[in-house]
Amino acid sequence: MVETKGPTGSPHGPAPSLWPFGFAIGLTVALVGLVIGSWSAVAVGAVLFVAFGFVWLRDLATGVDHTPTTEDAAPGGPETATDAAPVPATAGDDALPVMDDEEIARYPRSRFLEASTIGIGAAIGGLVTVPVLGLMVGPAFVDQGKKPVDLGPVDAFPEGEFVIATFLANPEEGEVSRRTAYIRNNGDKNGQQSFTILSNRCVHLGCPVQVNGLSLENQKKNVEVENGPRVEITPTQAASGFGCPCHGGQYDTEGNRTAGPPVRALDRYTYKIEDGRLILLNTFSVGAVDGEAADAKIKRYSLQNPGTHVTGPEALFYPLNAPH
Amino acid sequence: MAVAPRRRKQSRVVTLVNYPLDWLEERSGLVGGVKYFLFRKVPGDVSWWHTLGSATLTAFIVQAVTGVILAMYYKPDPNSAYESIQHITNDITLGWLVRGMHRWGASVFIILMFFHMARVFLFGAYKFPRELNWIVGVLLLITGMFEGLTGYLLPWDQTAYWATVVAININGTAPFLGPFIAQFLRGGAEIGGDTLSRFYALHMLAIPGALAGLILLHLYLVVRLGVSSPPWSRTAAGRDRAAVRPRGRAGLLRGGRGNVR
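Protein chains in written order, with the numbering used here: chain A, 1 to 324; chain B, 325 to 585.
In case anyone wonders, no lab produced these hints; they're calculated from the structure.
Just so you know, even glycine gets a beta-carbon here, dropped at the ideal spot from N, CA and C.
You may find that some hints are simply not true.
[As the list claims (entries may be wrong)] So the derived list for chain A, only partly shown, Cβ under 10 angstroms to chain B, looks like this:
hint : residue
1    : VAL29
2    : GLY134
3    : PRO319
4    : HIS324
Build the full structure now, drawing on both the sequences and the hints.
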């Protein structure tokens, strides 16, 4: 009753099959196994997944129960059935004229024009597309190095307590590049000043973690930095760790995860001390930290995105990292 | 006696309206095309449920129009984006209204897409031969959600910033390619001015273009395959009915080629 120009007759699709159910159940069992950490469930699920997937694909490939029968091939052709008598495939002219050798010899420019149209079209397309794609993708991946950030004199950092330091990671970009680090002066270790410098980015999904303790806003200081932007330092008191407001991730004072969804310890900054000033260098990711303060043993990894595992089987999913 | 002059006057008006349309039709076939689209046959038992697709299209058009106007006042720069939004909302005549339409209309668009999808699913209207249109619809849903993601950053307030941080980092947890997807979306290692202008360009140029193209494809398939009857339809699917010639004069609004075949 409704005018339809689509094909009539039976659909060109795979036959009904129950295999996908087993396939889906296997996949679900394997993924749930990964979540709850049950390797036997993962194994069972994987076996189901592979087995049912194989039979399903085999059915699709061999076309079980869907070999075209004589009923499918309705008179007049399967696609646009009409009342007209069936036309044999050999009848009529070719859709496009096919040239024999003699004609090709006589009209070689037709072939030449065809090739040159496609060829020139492809060349122009390529010439335009390559630089455009390059501009779209390239700048995100090159020249991503961090510049050192001068945080001012070392004696602005009290020993044994965290301070909240905010600074501009890239002064040219302005306030949008303001970052926060939690910095604790650990005192002397073998004649060298030791610092614990934690990034405030939650390693779950990148929200800013907050100090579990008092942050003494009324003692906030601006530190003068030569040729540089403002650095603000806010002391804290009795910080017992850090907590993320977004999804409840919790960390201890070394940045180790103690609760919630984070997948590793808080990222840290490398630093150097030059002319009595603390200078931040690069950020790196941390698997876990043993020990405390100056004696901490830190499992270092190159900087990863939040939410990316650096240890355990899940780390296999992230073999390559974008250049930071 | 008074009837004859009025009729003549009427026909003169009709000529006046029809002449340019005929001119257009002769040279482009557009009038016939529009008539074919508007007066194509649909099942007799379609209901209000079948209007959800058109409602979604209307929501998209509202988004496109209000978005173009907002783009005239919005400044995609980290130092002025927030202020320009405040300016639109508080100072510019009717700015609060158009921004509100765009902001709430975005939710309406997404919600209507889901209602439309639910209707198609529950009516079984995705079945042969309309599977491809379901697939195009799913692509439309994904593209529409991407429009929502990129638009959410533009107010450049704390909510926008941190929601985008989280959203990009969720993308970053995808296996293997995740870190690269996240860095591409950010336009660098950190969110900054480049992220804002990148999201702005995607939000107002690239994605709406893709959406418009997909919508045209979606509509083409709707017209080509026809509207499906509801599952409770008593008419056997595909049965031909006697052609009904509409009463009244054939013109742009009634009759014409569309439903006289």
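Inset, instruction - Taking the numbered hints from earlier one at a time, note which ones the structure violates and give those numbers from smallest to largest. - result: Checked against the structure, the hints that fail are numbers 1 and 2, while the rest are satisfied.
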